Amino acid sequence: MPINYYIFLAVALFCIGVVGVLTRRNAIIIFMCIELMLNAVNLLLIAFSKMHHLSALALDAQTKAGTEAQLFVFFIMVVAAAEVSVGLAIIVMMYRNIHSVDVNFLNRLKH
Amino acid sequence: MNNLVYLVPLLPLAGFLINGLGRNFLSKPLVSLIGCGVILGSFVISLVLFFDVKSGHNTLANAFEFIRVGKLSIPFAFQIDPLSSLFLLIITGVGFLIHVYSTAYMKEEAEPHFARYFSYLNLFVFSMLLLVMGANYVIMFIGWEGVGLCSYLLIGYWFRNTEYNNAAKKAFVMNRIGDLGFLLAIFWMIQYFGSADFAQVFSKAGIMPSNDKVLVGITLLLFVGATGKSAQIPLYTWLPDAMAGPTPVSALIHAATMVTAGIYMIARSNLLYTLAPTSQGVVAIVGLTTAILAATIALKQNDIKKVLAYSTVSQLGYMFLGLGVGAYTGAVFHVMTHAFFKALLFLGAGSVIHAMHHEQDIRKMGGLSKWLPITHITFLLGCLAIAGIPPFSGFFSKDEILNAAFEKNPVLYYVGLGGALMTAYYMFRLYAMTFRGKFRGTHEQEHHLHESPAPITMPLIVLAFLAVVGGFLGIPEIFAKDAHWLEHFLSPVFAASTERAKHEPMPHSTEWTLLAVSVVLILASVVWAWNKFSRYEDKGIEETGFGKILANKWYVDELYDAIVNKPLRAISVFLNNVVEKSAIDGIVNGFGRVVNYGSRQLRLLQSGQVGSYILLMVIASVVFFIIQLFMK
Chain P
1 MPINYYIFLA VALFCIGVVG VLTRRNAIII FMCIELMLNA VNLLLIAFSK MHHLSALALD
61 AQTKAGTEAQ LFVFFIMVVA AAEVSVGLAI IVMMYRNIHS VDVNFLNRLK H
Chain Z
1 MNNLVYLVPL LPLAGFLING LGRNFLSKPL VSLIGCGVIL GSFVISLVLF FDVKSGHNTL
61 ANAFEFIRVG KLSIPFAFQI DPLSSLFLLI ITGVGFLIHV YSTAYMKEEA EPHFARYFSY
121 LNLFVFSMLL LVMGANYVIM FIGWEGVGLC SYLLIGYWFR NTEYNNAAKK AFVMNRIGDL
181 GFLLAIFWMI QYFGSADFAQ VFSKAGIMPS NDKVLVGITL LLFVGATGKS AQIPLYTWLP
241 DAMAGPTPVS ALIHAATMVT AGIYMIARSN LLYTLAPTSQ GVVAIVGLTT AILAATIALK
301 QNDIKKVLAY STVSQLGYMF LGLGVGAYTG AVFHVMTHAF FKALLFLGAG SVIHAMHHEQ
361 DIRKMGGLSK WLPITHITFL LGCLAIAGIP PFSGFFSKDE ILNAAFEKNP VLYYVGLGGA
421 LMTAYYMFRL YAMTFRGKFR GTHEQEHHLH ESPAPITMPL IVLAFLAVVG GFLGIPEIFA
481 KDAHWLEHFL SPVFAASTER AKHEPMPHST EWTLLAVSVV LILASVVWAW NKFSRYEDKG
541 IEETGFGKIL ANKWYVDELY DAIVNKPLRA ISVFLNNVVE KSAIDGIVNG FGRVVNYGSR
601 QLRLLQSGQV GSYILLMVIA SVVFFIIQLF MK
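Chains as they are written, first to last, in the working numbering: chain P, 1 to 111; chain Z, 1 to 632.
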């Protein structure tokens with residue numbers, strides 16, 4: 001499959017994530033949108049990695065070139081998981097304090 | 001010999017430190033002993049150095065490297081040659097007598113102030129010694145600034161009096177104007193000759209053509225410095241005001257030593273001036289003009305010290321005339337004799353003021369010869385010396401200068417002779433009004449009149465002796481062949497100049513005629529003034545017409561006030577009201593207002609809405625993305 005499709009999909013996912021973060025007020029949905037953006041990047045990394053690896057294989061059947069990007073994907077997934085745990089904890093604390101998960105209530109840093 | 005050279009300035013410095021630091025716990029006799037002792041020590045060493053120089057051995061003592069930048073090296077070096085050793089003797093000798101005099105004159109002061117006075121006096125002598133001993137212009141300049149500082153401190157010695165403080169400030173500011181000229185001259189020399197050393201500058205200048213532009217510029221700038229320190233037109237107005245200081249200070253600083261620094265400097269740079277006849281002309285004209293102007297003012301002054309102050313300005317003018325016509329020996333000779341008789345006159349005036357309980361107006365004196373016999377006789381001798389009556393010292397030195405002026409241009413001689421007549425007239429007016437006639441003061445003052453104690457009269461007697469015989473060091477050719485001892489002594493210093501400005505000596509018949517005419521005229525004006533003012537009665541009449549102009553010092557102070565002070569003040573008011581208040585304050589306040597306004601607007605961005613922050617972040621990312629697209 002041509003690489004373009006992957007890119008279009010990833011960009012679409014990323015934009016959906018950005019728009020979601022910008023427009024929604026529910027903290028959990030914002031969180032999900034951030035995950036969406038991270039996964040869009042992961043998808044792109046995988047797609048490019050595959051592409052580079054295929055082109056390298058054409059020259060040398062034994063090569064591992066182009067596969068390093070896949071490692072980053074794992075890193076990102078791990079970081080995202082850690083972030084989710086911290087973020088969810090924050091959301092829980094937020095709910096306990098103001099009985100809502102609406103981020104617009106959290107504007108007390110203003111003053 | 002080198003170590004002795006260092007001791008000459010170090011002794012007064014030590015005296016300054018001891019008296020200055022111990023002013024609160026040293027007793028007056030101890031302070032006097034230290035103050036006078038260190039100067040006496042310097043004098044004795046100066047004598048040793050003098051005889052060393054006399055036997056033909058000059059000393060160059062290099063203490064340490066003072067400044068070293070790139071190729072320029074300025075050593076802290078002292079030079080003892082005939083010229084500086086002569087000045088050393090004048091400074092320490094006359095200085096010692098004045099220190100002794102001060103112990104009695106200042107004894108009414110409280111202890112800390114008494115010690116403060118002596119420490120200043122010692123510091124002054126130290127600076128003056130640096131000035132004349134320095135082997136390059138930079139060391140000379142250090143001393144030059146030091147004596148200016150001490151002059152300021154001592155004029156404003158009674159610092160609780162605002163008027164005295166103003167006089168001190170005036171002296172300092174006037175001197176600074178001159179100092180700038182001196183400083184620029186040094187910079188120019190260093191830039192052009194690559195050194196400020198006397199020997200190197202003179203050897204490099206010696207091969208330059210006469211009236212070279214650089215030489216004329218340097219010598220004129222040096223002369224600007226000299227006009228400040230030595231009270232010449234246009235910077236002379238500080239000297240009469242400087243009489244606010246204690247009288248011994250006037251005698252030491254403003255008559256005998258500091259004010260002759262300019263003459264020393266030009267005599268030291270004689271080769272430069274000989275090679276720049278244009279500057280020499282300027283020096284001669286300025287000197288002569290000052291001599292005449294100050295003499296006319298002195299005719300109508302009633303303050304005993306003011307008369308002497310203007311007479312000092314006038315005599316300094318003669319010295320510059322001497323320098324200007326190439327009579328370097330004559331000028332230095334006059335410095336020496338002037339130091340004797342003017343210090344004597346000032347100290348005599350101090351003795352009178354002391355006896356009169358700080359009365360300085362000669363209209364309220366008269367007939368003092370009855371109560372102050374020693375002061376009277378010594379003062380009379382001083383007057384005879386300054387008037388130029390043979391065989392007193394002033395006659396020889398003034399005559400030498402005037403003769404040299406005649407050789408250069410007879411007009412200079414006639415004008416100078418006119419000034420000399422005025423000198424004789426105002427000095428004997430001063431003498432007659434003070435010591436002759438009837439006493440015109442109050443009864444209380446008359447009751448307290450007394451001769452001053454020995455520490456005051458002894459220096460008077462010594463100085464009177466010197467004022468009488470000092471002239472025999474320079475007997476002119478027409479009286480006895482090769483009797484001009486001073487010329488022989490100083491000839492190595494002025495050798496290069498004499499060689500370049502050779503001239504035929506004038507016929508002896510002319511010289512005799514000039515001599516006879518001047519002596520007769522001077523005697524006539526002495527007799528006239530003596531007769532006129534011995535019968536002086538204080539009628540309280542205001543001066544009118546020309547006399548009023550002279551009594552008001554040609555309104556020079558008012559003129560300076562109008563052309564310098566008033567415009568300066570107007571500019572300051574303008575700068576304060578317009579530039580400072582609207583422009584500078586406007587800029588400063590404007591910055592504040594812009595920041596204030598800007599931050600108030602920026603604060604609106606900080607809404608606390610997470611969404612808006614993220615939106616800004618995204619927009620910024622997109623903008624940077626676009627920018628980096630186009631940057632490629």
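Hints in this document: simulated from the structure, not taken from any laboratory.
One or more of the hints may lead you astray.
Some chain Z residues well away from chain P (every beta-carbon gap over 10 Å; in silico) [to be verified]: (1) PHE591; (2) TYR597; (3) GLN601; (4) VAL610; (5) GLY611; (6) LEU615.
Selected chain P positions facing chain Z (in silico; Cβ < 8 Å) [said to hold, decoys possible]: (7) VAL21; (8) LEU54; (9) LEU57.
Note that the coordinates shown come from a computational prediction; the quantities given were computed from them, not determined experimentally.
Think of the CB as a built atom: it goes at the ideal place given N, C-alpha and C, for glycine as much as any other residue.
Here is what the structure says about each hint:
no. : hint   : result
1   : PHE591 : holds, 26 Å
2   : TYR597 : holds, 20 Å
3   : GLN601 : holds, 16 Å
4   : VAL610 : violated, 5 Å
5   : GLY611 : violated, 6 Å
6   : LEU615 : violated, 5 Å
7   : VAL21  : holds, 6 Å
8   : LEU54  : violated, 27 Å
9   : LEU57  : violated, 30 Å
Figure legend: structure checked against the earlier numbered hints; hints not met, in rising order: 4, 5, 6, 8 and 9.
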